[in-house]
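Undergrad: Next come the chains, spelled out residue by residue.
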Amino acid sequence: MSLVAYRDLIGVAYTEEEVKAMAAEVEVEDGPNDEGEMYTRPGKPSDHFPSPYPNEQAARFANGGAYPPDLSLITKARHNGQNYVFALLTGYRDPPAGVSVREGLHYNPYFPGGAIAMPKMLMDGGVEYEDGVPATETQMAKDVVTFLSWAAEPEMEERKLMGFKVIFVLTLALIQAGYYKRWKWAPVKSRRVIVDVIN
Amino acid sequence: MSDDGEVVDPRARLDEISKAKCVKQLMSYQACVKRIEGDETGHKHCTGQYFDYWACIDKHVAPRLFKWTK
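Chains as they are written, first to last, in full-length UniProt numbering: chain A, 1 to 199; chain B, 1 to 70.
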């Protein structure tokens with residue numbers, strides 16, 4: 001989630017104070033100070049979500065050779081992204097007859113190739129929802145997908161609202177322009193040209 | 001969803017209900033399993049029938065599933 005910053009959550013899911021508190025829980029390495037040394041400091045809202053691994057090799061090592069993709073844009077980066085992520089999270093099943101996956105991988109029919117490195121992570125009752133909603137796999141997967149869709153397109157609602165307004169105004173402008181053009185062209189289109197013989 | 005505090009995923013119940021609509025695919029999958037039972041080469045598999053069956057189940061479960069989520 002390295003493209004999402006803590007401050008993006010302000011006004012969407014948390015208040016500014018809550019976001020500052022969440023960001024401060026993380027230690028961030030910051031640029032060279034006056035002495036030329038890198039130092040660590042508690043996070044600020046302007047920092048992006050921290051990456052759990054320092055580099056790709058560490059990520060691969062911790063995940064059996066597979067590189068977990070950055071999820072900031074995952075719902076846009078996969079065809080039918082929202083449905084795909086939901087199906088993937090809830091779709092861990094026994095493989096069909098005749099198919100076996102090697103040790104360390106898990107079968108998931110929705111993953112291209114069928115063998116995914118991530119084990120099934122969502123279990124019923126895995127989380128406590130603050131408002132007492134039963135934490136079924138389906139509910140948790142839906143919430144995860146909603147969050148990832150927001151992370152990929154935080155501006156989506158505003159963009160679509162503005163889109164409606166723009167299309168509406170442009171339609172009015174189109175009608176007006178069409179009418180004006182036909183009004184101006186009326187004399188030209190309604191004239192008669194007579195080709196006659198000159199004696 | 002039940003009184004003793006245990007959460008039950010609606011998915012399991014909906015899968016059962018949808019099985020009735022997907023009998024043809026289920027039969028075809030089971031026929032395939034039987035066919036490759038004695039297979040030693042390791043190349044035969046029933047992924048095609050498996051996908052057909054689960055695609056049918058998913059198609060029936062999908063419109064009903066989100067009534068049960070918030």
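Be careful, since some hints might not be right.
[To be verified] Derived BS3-like pairs (lysine-lysine); straight-line CA-CA distance at most 25 Å: (1) 34/B <-> 19/B; (2) 70/B <-> 44/B; (3) 120/A <-> 24/B; (4) 44/B <-> 34/B; (5) 184/A <-> 160/A; (6) 21/B <-> 76/A; (7) 120/A <-> 34/B; (8) 70/B <-> 76/A; (9) 34/B <-> 24/B; (10) 142/A <-> 19/B; (11) 21/B <-> 59/B; (12) 24/B <-> 142/A; (13) 70/B <-> 24/B; (14) 59/B <-> 70/B; (15) 21/B <-> 34/B; (16) 34/B <-> 70/B; (17) 142/A <-> 34/B; (18) 160/A <-> 76/A; (19) 59/B <-> 76/A; (20) 165/A <-> 142/A; (21) 70/B <-> 160/A; (22) 19/B <-> 76/A; (23) 76/A <-> 181/A; (24) 142/A <-> 44/B; (25) 20/A <-> 76/A; (26) 67/B <-> 34/B; (27) 142/A <-> 120/A.
Calculated from the structure, these hints are not laboratory results.
Undergrad: Determine for every hint whether it applies to the structure shown.
TA: Each hint tested on the structure:
| no. | hint | in the structure |
| --- | --- | --- |
| 1 | 34/B <-> 19/B | holds (20 Å) |
| 2 | 70/B <-> 44/B | violated (43 Å) |
| 3 | 120/A <-> 24/B | violated (29 Å) |
| 4 | 44/B <-> 34/B | holds (12 Å) |
| 5 | 184/A <-> 160/A | violated (36 Å) |
| 6 | 21/B <-> 76/A | violated (33 Å) |
| 7 | 120/A <-> 34/B | violated (29 Å) |
| 8 | 70/B <-> 76/A | holds (24 Å) |
| 9 | 34/B <-> 24/B | holds (15 Å) |
| 10 | 142/A <-> 19/B | holds (23 Å) |
| 11 | 21/B <-> 59/B | holds (10 Å) |
| 12 | 24/B <-> 142/A | violated (30 Å) |
| 13 | 70/B <-> 24/B | violated (33 Å) |
| 14 | 59/B <-> 70/B | holds (21 Å) |
| 15 | 21/B <-> 34/B | holds (22 Å) |
| 16 | 34/B <-> 70/B | violated (42 Å) |
| 17 | 142/A <-> 34/B | violated (37 Å) |
| 18 | 160/A <-> 76/A | holds (16 Å) |
| 19 | 59/B <-> 76/A | holds (23 Å) |
| 20 | 165/A <-> 142/A | violated (30 Å) |
| 21 | 70/B <-> 160/A | holds (24 Å) |
| 22 | 19/B <-> 76/A | violated (32 Å) |
| 23 | 76/A <-> 181/A | violated (42 Å) |
| 24 | 142/A <-> 44/B | violated (36 Å) |
| 25 | 20/A <-> 76/A | violated (28 Å) |
| 26 | 67/B <-> 34/B | violated (37 Å) |
| 27 | 142/A <-> 120/A | holds (15 Å) |
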